[in-house]
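Asks: Sequence:
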Amino acid sequence: MKHVDALSRNPVGTAKEVEPVLNDMMVIDISNSDFLVALQRQDPRLCAIIDVLNRSPETDEERQMKQCYQLEGHRLMRKVNGELCFVVPNRVRWRMVHTYHDEMGHFSVDKVLERLKRKFWFPKMRKYVRSYIQACPQCALYKSKGGRPEGFLHPLPKEPVPFGTVHIDHMGPFIRSARGNSYVLLLTCGFSKFVVVRAVRSTKSGPVITFMEEVTAIFGAPGRIITDRGNAFTAKKFEDYCRENNISHTKTSVGSPRANGQVERSNRTVLNAIRCMVGEKTSCWDEQLPKIQWSVNNMPNATTSFTPSSLVLSYRPRDIHQNVVILALQQEEDNVVEDAAELREQAIRAIEKGQSTQKRYFDVHRRKPVSYEVGDMVLVERDLTAMGHSRKLESRFKGPYVVKKVLGNERYELEEIHEHQGRGRVRTTVYAADRIKRWCQLEDIEGCDEAIGDEDSESEE
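Anchor point for the sequence shown: position 49 equals 49 in UniProt numbering, and the numbering is continuous, going up by one each time.
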């Protein structure tokens, strides 16, 4: 008995030819020209202009439109300097400027406009492009501030009293010495230029307070201390020391070493002396500090023309280097400084003259800084010091920050935006105007529209 399968009892019929699915689909092909026309027809303002062009003008405003616009292949074109430029619909402007700015290198207003105006036109192009670029986050964060640096020099007033104002700073780290020291702590008297130098093991506030107690035991407590914003000087322990001793503590703005320029100059002098005196014996650099301190304090200062010791001590100390020739020539009467008060008056006049000269030369290369108000959002310049890898492509600014307080001498107290920084606490800091620039200025760029007959007041557009 033969067995048959199910397929043999239900044979498949002859297959019919199936029509391609694509034949049942509606294919829409819109040319570039139709696409541009469609964009313009969706703009009520442009439709009104096209309507005027398709009929006889009835008013002076409509006759002016006839002179300024033309239909070319159903596209609305603007006559600009003998050329026809495509009139960009309102809703397409942002995309157009985005393409010519963001996707072509984030160039300036003039460069973006120059490329746009070759083929396109819309009212108030310059204002629109400028507003767009001012609101560009990439430009704000990654571009440096152009032009001359902002801000002028503001010399600190000096009183003819030694150790009334002192400047303090750390210098280092150096190679760890045999005594375990790695840093130099340096104090400079703002009036006499007298320096006190100590080798310390760290930049913590403890050694600084101990150092200040030694200095005040000899010269008395200063009325004002000027420092940078190093951890030792922003620590609560140091702030408490200043408050308990009725000392005004002024901290310089971040990244502005000129604000503590007095001690910065002393740093250079001391550092050069250490290099030359130590040579290859780098482990004993701290042993040379007493000699360097004595030498600096007993040489005429370039500004005052007097030695710091003569202005502070009212006498000329004997030479500590035990040079036989110098000791033989030095008479006892040479040690006495005549009329110390007159010396100090001459010194303060020389200081004021020097400050005036420095300000004049400094300000000539600067420009008036931008002013900010409380509540303004700003960016601050990054410190792009090399850290073992290239930082050329990193953003030039960071932020945004909010201006919390307007201080004197073009300085601002800034507050971090907690939500932006993602930290558990909000921190404040102080920056000078030359290291600040505005965060994105969000203007109403759509407000560049005008009435149909009031097209553009800018001659080039």
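Treat the hints with care, as some may be off.
To be verified - Taking lysine to aspartate or glutamate and the EDC-like style, the derived pairs with C-alpha atoms no more than 20 angstroms apart in a straight line are:
no. : residue 1 : residue 2
1   : K368      : E352
2   : K392      : E381
3   : K398      : E381
4   : K398      : D51
5   : K291      : D319
6   : K368      : E150
7   : K437      : D383
8   : K368      : E381
9   : K143      : E83
10  : K143      : E159
11  : K404      : E381
12  : K437      : E415
13  : K437      : E394
14  : K281      : E264
15  : K368      : E342
Hint data in this document are derived by calculation from the structure and do not stem from the laboratory.
Asks: The structure should be examined with respect to each hint, and the outcome stated for every one.
Replies: Going down the list of hints, with the structure as the test:
1. K368 with E352: violated (23 angstroms)
2. K392 with E381: holds (14 angstroms)
3. K398 with E381: holds (6 angstroms)
4. K398 with D51: Violated, at roughly 51 angstroms.
5. K291 with D319: Given pair K291, D319 holds - Cα atoms ~10 angstroms apart, limit 20 angstroms.
6. K368 with E150: Given that 20 angstroms is the threshold and the Cα spacing comes to 6 angstroms, the pair holds.
7. K437 with D383: holds (15 angstroms)
8. K368 with E381: holds (18 angstroms)
9. K143 with E83: Violated. K143 to E83 sits at ~35 angstroms, over the 20 angstroms cutoff.
10. K143 with E159: Given pair K143, E159 is violated - Cα atoms ~42 angstroms apart, limit 20 angstroms.
11. K404 with E381: At roughly 18 angstroms apart (the allowed maximum being 20 angstroms), E381 and K404 satisfy the hint.
12. K437 with E415: holds (15 angstroms)
13. K437 with E394: Answer holds: K437 to E394 is near 17 angstroms, not above 20 angstroms.
14. K281 with E264: Roughly 25 angstroms separates the two Cα atoms, so the pair is violated.
15. K368 with E342: Violated - the C-alpha atoms of E342 and K368 are around 39 angstroms apart, more than 20 angstroms.
Checked against the numbered hints given earlier, the structure breaks hints 1, 4, 9, 10, 14, 15 and satisfies all the rest.
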